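Given chain F's structure and the hints, the job is docking chain G onto it.
2 protein chains.
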Amino acid sequence: MTATIHRLGSRPQPSLDPMVRLVTGDMNSVNAVILDRMQSEIPLIPELAGHLIAGGGKRMRPMLTLASARLIGYTGNRHHRLAAAVEFIHTATLLHDDVVDGSDLRRGKRTANIIWGNPASVLVGDFLFSRSFELMVEDGSLKVLKILSNASAVIAEGEVNQLTAARRVDLGEDRYLDIIGAKTAALFAAACRISAVVAERSDRDEMALDAYGRNLGIAFQLVDDAIDYVSDAGTMGKDAGDDFREGKMTLPVILAHARGDAEDRKFWKDAIEGRRDSDEDFAHAIDLVRRTRAVDDTIARARHYGRRAIDAIAGFADGQAKDAMIEAVEFAVARAY
Amino acid sequence: MTATIHRLGSRPQPSLDPMVRLVTGDMNSVNAVILDRMQSEIPLIPELAGHLIAGGGKRMRPMLTLASARLIGYTGNRHHRLAAAVEFIHTATLLHDDVVDGSDLRRGKRTANIIWGNPASVLVGDFLFSRSFELMVEDGSLKVLKILSNASAVIAEGEVNQLTAARRVDLGEDRYLDIIGAKTAALFAAACRISAVVAERSDRDEMALDAYGRNLGIAFQLVDDAIDYVSDAGTMGKDAGDDFREGKMTLPVILAHARGDAEDRKFWKDAIEGRRDSDEDFAHAIDLVRRTRAVDDTIARARHYGRRAIDAIAGFADGQAKDAMIEAVEFAVARAY
Chain F
1 MTATIHRLGS RPQPSLDPMV RLVTGDMNSV NAVILDRMQS EIPLIPELAG HLIAGGGKRM
61 RPMLTLASAR LIGYTGNRHH RLAAAVEFIH TATLLHDDVV DGSDLRRGKR TANIIWGNPA
121 SVLVGDFLFS RSFELMVEDG SLKVLKILSN ASAVIAEGEV NQLTAARRVD LGEDRYLDII
181 GAKTAALFAA ACRISAVVAE RSDRDEMALD AYGRNLGIAF QLVDDAIDYV SDAGTMGKDA
241 GDDFREGKMT LPVILAHARG DAEDRKFWKD AIEGRRDSDE DFAHAIDLVR RTRAVDDTIA
301 RARHYGRRAI DAIAGFADGQ AKDAMIEAVE FAVARAY
Chain G
1 MTATIHRLGS RPQPSLDPMV RLVTGDMNSV NAVILDRMQS EIPLIPELAG HLIAGGGKRM
61 RPMLTLASAR LIGYTGNRHH RLAAAVEFIH TATLLHDDVV DGSDLRRGKR TANIIWGNPA
121 SVLVGDFLFS RSFELMVEDG SLKVLKILSN ASAVIAEGEV NQLTAARRVD LGEDRYLDII
181 GAKTAALFAA ACRISAVVAE RSDRDEMALD AYGRNLGIAF QLVDDAIDYV SDAGTMGKDA
241 GDDFREGKMT LPVILAHARG DAEDRKFWKD AIEGRRDSDE DFAHAIDLVR RTRAVDDTIA
301 RARHYGRRAI DAIAGFADGQ AKDAMIEAVE FAVARAY
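Residue numbers (the working numbering), protein chains in the order written: chain F, 1 to 337; chain G, 1 to 337.
Pulled out of the complex, with its shape left as it was, chain F reads as follows:
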């Protein structure tokens, strides 16, 4: 007997809905923890945090904690508090990211830094980060604390790495992968892994869930970066061309630059260094990434990591949870079209 072999792309319109349905009950508990623990006597804190937390995010990371717990048959409720801790780390990161990037729009809404200013965003981010550690301490697992404090340090390192790589057109694919592995995939990996820790499963199960989350995280980020060169404004609550106009080095640019002729390379250098950011420039950029198949191949890379994510959980029992986690991967890589 062989396990069912799952293929990416067999489903015509994959969706996150099965995963959302799988964890609905658990997510209500997580949301209750989030709502309770973002409170403070200082009114600006819940006001600002609530703007982002209630602001229509997918709750992807806590959802992964909950789905992973279902996959391995965990029946306790420790993961509710920890999923909230994961979401707080993510929210703190978003608040600081938007300050760092000077962003004015996230998930289709004005960013907190635009509404309340950079100082408030920095400080409320710090507060949520501290709260996330308080939640972990209440749970009491030093192993979970180790995994999430390490993930937090890696995220910050990845963000600094990205900052020092900004506007450098010669950034290679390896360094780009280092950056997204740290700033995005590390928390996806940790979010999945901690379910195996609270369920007291083997190291092998822990690492399998870690690998699922990490590869899914890389696939997610690759597709996000591809979407910037294909989508209409609003698809992800993010404007197409945002990355381009900010001179952000992402894989579509890395590939289009590497595959272009001398004139194309000059265009990319000028664009990434901030000398070309008009609508016509962006239209030309779209044309170049299409002609060099840079977007298609960014998606192809994402499919590779997506396949690895699916294979990482092949050893777990088939069922609703596994199906939902596989379809989440398919959704992640199919979003661009």
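I should point out that these hints are in silico values taken from the structure, not numbers from a laboratory. Model, not experiment: these values are computed from the prediction. Among these hints, one or two may not hold up.
What the hints assert, rightly or not - With a cut-off of at most 25 Å between alpha-carbon atoms, the simulated DSS-like pairs for lysine-lysine come out as follows:
| # | chain 1 | residue 1 | chain 2 | residue 2 |
| --- | --- | --- | --- | --- |
| 1 | G | Lys58 | G | Lys322 |
| 2 | G | Lys146 | F | Lys143 |
| 3 | F | Lys266 | F | Lys248 |
| 4 | G | Lys58 | G | Lys109 |
| 5 | F | Lys146 | G | Lys143 |
| 6 | F | Lys269 | F | Lys248 |
| 7 | F | Lys58 | F | Lys269 |
| 8 | F | Lys109 | F | Lys58 |
| 9 | F | Lys146 | G | Lys146 |
| 10 | F | Lys58 | F | Lys322 |
| 11 | F | Lys143 | G | Lys143 |
| 12 | F | Lys109 | F | Lys248 |
Claimed, not checked - Simulated restraints, written as ranges between beta carbons of each label pair:
| # | chain 1 | residue 1 | chain 2 | residue 2 | range |
| --- | --- | --- | --- | --- | --- |
| 13 | G | Arg275 | F | Ile114 | 44 to 50 Å |
| 14 | F | Gln13 | G | Gln39 | 46 to 52 Å |
| 15 | F | Leu105 | G | Glu280 | 42 to 48 Å |
Where is the CB? At the ideal position from N, CA and C, for every residue including glycine.
Just chain G now, with coordinates in the frame of chain F:
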């Protein structure tokens, strides 16, 4: 037999030197941990962190952890790593503070945000904060993790409280004390208390050290706020008048405003709301705080908290450590003159 009763002000020129000497050997170990754990493969991280960490700070908070350990006769070395964690939390807070305040000078040197920009300061602060939790997790005490994660959340709350209180001339003394209790005294308290935790001493000893740190922290901050209205540039690596020009509400202003006549109050309102920040305005402010005895009485408040700090450790054995901790309090309140 009665314990020796220590009086504030009996020593003509109190100094931090006895405490520095008391902990020299331990501090070398702490510095080695700090230097080791601020490293990263991303060169900007140790570069930026090192600028502040090597930048001539007094290492007041880790010094308090070490002195407290000596006071209670702890003979292990777990507190070295934890003192480094405390300093990392403090450094992260300073990096974010300078971004929030737009400061350009700290300890007489240009701030990191001026040299490397706000984004790098925010992200390296996040990194150091994560590293501090990694150090605590390595130590493995959930109680220490609880104390320091709670202190971190309280600090962030205090900073947001201060932000929302900015430029409000009607801020009362109570709210001011809430703010400095959170943003300064909470970490002083935690730094002292964790020594009793690793030494496995009684709750009473823990709370005595907590009270020593908390009251010393309040005294320290009160005197810092007084110094802004008396010192020449350079005394603390901080320019006299910085708080005034930023419209910061501190106790000297609260008292001078409350004790002034209608004309004085109008002056303070204009100044705090940002409409009077010239050198002549500052000279007039100095004159007002002197005439209303606002600085003297800020120092008197500091002496009150200083006395409470000294009384909090009265129950511990007399000796070198206790003498050094008492003189540190005397130093804290005598700095202004």
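Status of each hint after checking the structure:
Of the pairs offered as hints, the one joining Lys58(G) and Lys322(G) holds, with about 19 Å between alpha carbons and a cut-off of 25 Å not exceeded. Restraint check: the Cα-Cα separation between Lys146(G) and Lys143(F) comes to about 15 Å, which is no more than 25 Å; the hinted pair holds. Note on Lys266(F) and Lys248(F): the hinted pairing holds, with a Cα-Cα distance of about 16 Å set against a maximum of 25 Å. At roughly 14 Å between alpha-carbon atoms, Lys58(G) and Lys109(G) fall within 25 Å of each other, so this suggested pair holds.
Among the hinted pairs, Lys146(F) with Lys143(G) is consistent with the structure: their alpha-carbon atoms are about 15 Å apart, no more than 25 Å. Between Lys269(F) and Lys248(F) the alpha-carbon distance is near 11 Å, which keeps this suggested pair within the 25 Å criterion. With a C-alpha separation of about 35 Å, the suggested pairing of Lys58(F) with Lys269(F) is violated against the 25 Å cut-off. Restraint check for Lys109(F) and Lys58(F): satisfied, since their Cα atoms lie roughly 14 Å apart, inside the 25 Å limit.
Distance restraint check for Lys146(F) and Lys146(G): the Cα-Cα separation of roughly 14 Å lies within the 25 Å cut-off, and the hinted pair is therefore satisfied. Under the criterion of a C-alpha separation no larger than 25 Å, the hint pairing Lys58(F) with Lys322(F) is consistent with the structure, at around 19 Å. Distance hint between Lys143(F) and Lys143(G) is fulfilled; the C-alpha atoms sit about 15 Å from each other, no more than 25 Å. For the hint pairing Lys109(F) with Lys248(F), the CA-to-CA distance comes to about 21 Å; that is within 25 Å, so the pair holds.
Our hint of 44 to 50 Å for Arg275(G) and Ile114(F) is violated, since their Cβ atoms are close to 26 Å apart. Separated by about 48 Å at the C-beta atoms, Gln13(F) and Gln39(G) satisfy the suggested range of 46 to 52 Å. For the pair Leu105(F) and Glu280(G), the supplied restraint of 42 to 48 Å holds, since their beta-carbon distance comes to about 45 Å.
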